[in-house]
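Guided by the hints, dock chain C onto chain L, whose structure is given.
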Amino acid sequence: MLEIKDIYKTFNAGTVNEKMALKGLSLTLEDGDFVTVIGGNGAGKSTMLNAIAGVWPVDGGSIVIDGTDVTKLKEYKRAKFLGRVFQDPMTGTAATMEIEENLALAMRRGDRRTLRGGIKEKERQKYKEMLATLGLGLEERMTSKVGLLSGGQRQALTLLMATLKKPKLLLLDEHTAALDPKTAAKVLETTDTIVNRDNLTTLMITHNMKDAIAHGNRLIMMMEGNIILDIRGEEKKKLTVSDLLHKFEEASGEEFASDKAILG
Amino acid sequence: MDINSLLSALPGAAAQGLIWGIMAIGVYITFRILDIADLSVDGTMCTGAAVCIMMLQGGHNIFAAMLAATAAGMLVGLATGIFHTAMGIPAILAGILTQLGLWGVNLKIMGKSNQAISVDNYNLLVSLRYVKNAITDKNTIAVVALFIIVIIAVLYWFFGTELGSSLRATGCNENMARAQGINTNFNKVLGLMLSNGMVALSSALLGQYQGFADINMGKGAIVIGLAAVIIGEAVFSRIFKNFALKLLAVALGGVIYFIVLQVVIWCGIDTDLLKLFQALVVAVFLAVPYWKGKYITKPKKIGDTAKGEA
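In the order they appear, the protein sequences are chains L and C. The opening position of the first sequence corresponds to residue 1138 in the numbering used here, with each subsequent residue numbered one higher. The opening position of the second sequence corresponds to residue 8 in the numbering used here, with each subsequent residue numbered one higher.
Bound conformation, chain L alone (with noise of 0.2 Å):
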């Protein structure tokens, strides 16, 4: 579904600041792969992400999905493969818009946006069935402004905009850190059951250790623009976190210093 091959990326090349945040990076995902990603501050896994979605073109390598090389495709033509949540609860939805509309507008990814009503009275129905079943009550508020909603809200319905039009792959960029445990819990709980019931192929960064085992089939760990671990099947499953802390030792030669990782 994903074939991401030798992926370069270097910012702020030729001053002081310059910081090569991937270096020749490759990953190939099933059709179907749920992928946890972990790795320290700075390994590159944000940056990964924003490769794969074309935030800005990568210095070299390529990156196709599901058969269409789109390494020189702008960020909203590749759009239409893919869905995104991303950290912050504000980036993903639009706070001055209704509800209905940030989904009408979700509905239309990939779509050329014609003169056509916005919205369809018939939209309006499957939202709302939509919208019920995330059980935030958000069904009888679909003409109110996002901008009311909580964090946890706005990620869940976020998620929502991200899989309406079922992308070819989803891409999770620490989706729930903002969140407090208790919506993260809830939140992560409405990944799975979304990515479970439409077999999506996803990749989700986490900073949590047991999210990262307790979720999806296939563990990759990250350093320094590079995949230094990659778990996946059987041995996934009987992962732990100290296993994985052992495993980190083994691969990179060095304690795995992030506190936020361990404890969060």
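Rather than coming from a laboratory, the hints here were simulated on the basis of the structure. Wrong hints could be hidden among the right ones.
With a cut-off of at most 25 Å between alpha-carbon atoms, the simulated DMTMM-like pairs for lysine to aspartate or glutamate come out as follows [said to hold, decoys possible]: (1) L:Lys1282 <-> C:Asp42; (2) L:Lys1282 <-> C:Asp221; (3) C:Lys248 <-> L:Glu1235; (4) L:Lys1303 <-> C:Glu181.
Chain C alone, transformed into the frame defined by chain L:
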């Protein structure tokens, strides 16, 4: 201080305010919907009148002249849009560059720094002379009001379409818009074209109204436009929630602005200081939301907690 002189000046102020109200609706599109402060309108506010009057002098039909003026305004928006999106120039600077360039373009359109047109010799839609004692269907206030109603209706329809919604999303949250497959650069250019088209139409009406186009007529236009937007919002925001009514509020903001201006002049302020006065008033109004957030803390209401979280 003769109250009659003030009263007799009010219909003119209202007519002028309505004409500028169309301009303010254009400013609203960029400033409020796209979240861009577009300074090219200072130039566009002359271009529209220049094109319209030169076309009329050339013997063209009044509607063709106004259509051409609007189209010229849209080209101005296209220029600013290309500066901003294709060339990566910050929006404010892009507008300033366009405005500067337009100075030359406007002079070339008119051939000199001003061009007059007499209502006696041409069949104009609006004029100073048609404000008082004019039959209803020729009355300038009625004609401009009709223009505003049609413009609001068209914009209300447009911003409800798929394309219009995507334009609103672009102004609200660009990252989200792109993630939803919206071509944000195209939308910004489109919004700037729409806005400047509106401004040029307003300019064409203003040129007819005052009977001339002048190279300086757009000076400080953005400030008047912003003033109308802000006054309209401040006065009507509690009662006008619907988008169409919000646009109407902006147009009425223009009327209030010109009536207040008329009162200030009547009070005997030194007219040399008028622009300073305008700038200060707009500065204070722009500061109000900032001050509100900074110095006034409201007790939190239940159900209101959502906003602060994340």
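- Query: Does the alpha-carbon distance linking lysine 1282 of chain L and aspartate 42 of chain C stay inside the 25 Å limit?
  - Reply: holds (18 Å)
- Holds or violated: lysine 248 of chain C to glutamate 1235 of chain L, with C-alpha atoms at most 25 Å apart: holds (13 Å)
- Query: CA of lysine 1282 of chain L to CA of aspartate 221 of chain C, is that 25 Å or under?
  - Reply: violated (44 Å)
- Message: Does glutamate 181 of chain C sit within 25 Å of lysine 1303 of chain L, going by the straight-line distance between their CA atoms?
- Response: holds (22 Å)
When held up to the earlier numbered hints, the structure conflicts with hint 2 and nothing else.
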